[in-house]
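**Student:** Here is how the chains run, residue by residue.
2 protein chains.
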Amino acid sequence: DVIETFESASLFFSSVVGFGSITRGLNPFEVITFLNGFYDVIDDLIDQYDCSKVESISDSYLIASGIPRSNGERHASQLCSMALMFLKASSAIHRPDQPSQTIQVKAGIHTGTVVAGIVGSKLPRYCLFGDTVNTASRMQSQSLPGKVQISSETKLMLDVMGGFITEERGPIYIKGKGRLNTFWLNEEME
Amino acid sequence: DVIETFESASLFFSSVVGFGSITRGLNPFEVITFLNGFYDVIDDLIDQYDCSKVESISDSYLIASGIPRSNGERHASQLCSMALMFLKASSAIHRPDQPSQTIQVKAGIHTGTVVAGIVGSKLPRYCLFGDTVNTASRMQSQSLPGKVQISSETKLMLDVMGGFITEERGPIYIKGKGRLNTFWLNEEME
Ligand SMILES: [Mn+2]
Ligand SMILES: [Mn+2]
Chain A
16 DVIETFESAS LFFSSVVGFG SITRGLNPFE VITFLNGFYD VIDDLIDQYD
66 CSKVESISDS YLIASGIPRS NGERHASQLC SMALMFLKAS SAIHRPDQPS
116 QTIQVKAGIH TGTVVAGIVG SKLPRYCLFG DTVNTASRMQ SQSLPGKVQI
166 SSETKLMLDV MGGFITEERG PIYIKGKGRL NTFWLNEEME
Chain B
16 DVIETFESAS LFFSSVVGFG SITRGLNPFE VITFLNGFYD VIDDLIDQYD
66 CSKVESISDS YLIASGIPRS NGERHASQLC SMALMFLKAS SAIHRPDQPS
116 QTIQVKAGIH TGTVVAGIVG SKLPRYCLFG DTVNTASRMQ SQSLPGKVQI
166 SSETKLMLDV MGGFITEERG PIYIKGKGRL NTFWLNEEME
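Protein chains in written order, with our numbering: chain A, 16 to 205; chain B, 16 to 205.
Honestly, I wouldn't trust all of these hints.
[Said to hold, decoys possible] Output of the computed footprint for chain B on chain A, the stretches with three or more beta carbons under 8 angstroms from beta carbons of chain B: (1) 46-53; (2) 90-102; (3) 136-144.
[As the list claims (entries may be wrong)] Simulated crosslink set (DSS-like; lysine-lysine; CA at most 25 angstroms straight-line): (4) A:K103 / B:K137; (5) A:K137 / A:K162; (6) A:K137 / B:K68; (7) B:K103 / A:K137; (8) A:K137 / B:K137; (9) A:K170 / A:K190; (10) B:K68 / A:K68; (11) B:K137 / A:K68.
Calculated from the structure, these hints are not laboratory results.
Yeah, the Cβ is synthetic: ideal placement off N, Cα and C, and Gly gets one too.
Using the sequences and the accompanying hints, generate a full structural model.
**Tutor:** Structure below.
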């Protein structure tokens with residue numbers, strides 16, 4: 016099995032807010048149709064940036080930049096550009112249970128060292144490992160509807176490239192890591 | 016996208032007890048090595064029964080019988096035979112963090128109608144949908160270390176085939192379903 020370390024990469028996690036209640040009254044065909052429509056929109060969007068889809072599990076996405084090919088200092092800004100379009104595109108997708116309303120997504124991004132490897136021989140999966148994955152996942156779970164929460168490591172790389180407006184959220188508590196200062200990714204300047 | 020309904024199938028979910036604490040002190044290479052070793056053992060075991068691996072995500076397995084090919088009345092008993100060997104094989108795998116100890120697995124099985132479909136075009140996944148999936152997942156999450164919890168629907172089909180010793184657990188509360196009577200799968204008779 017091939018295991019590779021990426022010294023610097025960025026990871027994006029997202030989920031659809033209230034997916035359980037959105038799909039509670041749907042039959043499986045309606046759920047599959049909804050997910051395929053959602054994936055179609057998002058997968059096309061990912062193609063437009065220097066990013067790659069690692070996996071989508073039900074309503075959750077994991078998208079990387081700088082993996083499986085290093086891209087220098089571009090990964091944080093490429094992933095943040097993608098993230099803002101991800102929110103925008105999602106907010107145009109109608110709820111299958113209440114078609115007059117649209118879905119909302121919450122997302123998080125973190126930057127750091129990531130180990131990637133193929134796990135399993137029967138149904139081989141390209142998987143990411145390491146502390147950066149856990150922290151990126153926490154940036155998502157502690158985000159808010161319609162928001163992208165980014166870590167200070169991601170913010171630092173963004174600031175080197177310039178072009179984004181962020182807003183300090185203040186410290187949040189992350190299990191096993193203590194208090195981390197995080198930021199909201201608000202917009203990309205024209 | 017092809018969507019198919021299986022009127023009667025059985026689903027098995029499992030997880031490694033305490034996987035978070037087992038892997039907390041490991042580096043990513045050690046985690047990948049552990050998972051690949053675990054998957055090797057389990058995937059070989061699955062091959063010996065009329066079952067198929069749907070997915071493994073980290074330490075969690077989803078295994079089906081009667082999907083993607085219907086197998087009449089065999090699915091409950093085939094999956095239960097597999098489940099008992101899954102527990103046995105797992106209990107011989109050493110903890111990577113404490114090699115003098117072995118891992119423990121908890122598992123659950125439910126039987127019912129399942130909808131299967133390929134979701135996504137970019138990284139297509141064979142996914143299962145419907146209430147049976149949720150209930151099977153709850154049989155796992157409310158199981159106990161070293162145990163396989165089965166629903167009364169699975170138990171009913173097992174009893175038709177015969178050959179297994181089960182033990183009533185009594186009712187457990189499942190969100191959205193109320194109280195369900197469940198059973199421990201204890202052993203298969205020679
Ligand atoms: Mn495309
Ligand atoms: Mn094999």
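**Student:** Tell me the numbers of any earlier hints that the structure contravenes, in ascending order.
**Tutor:** 2 and 5
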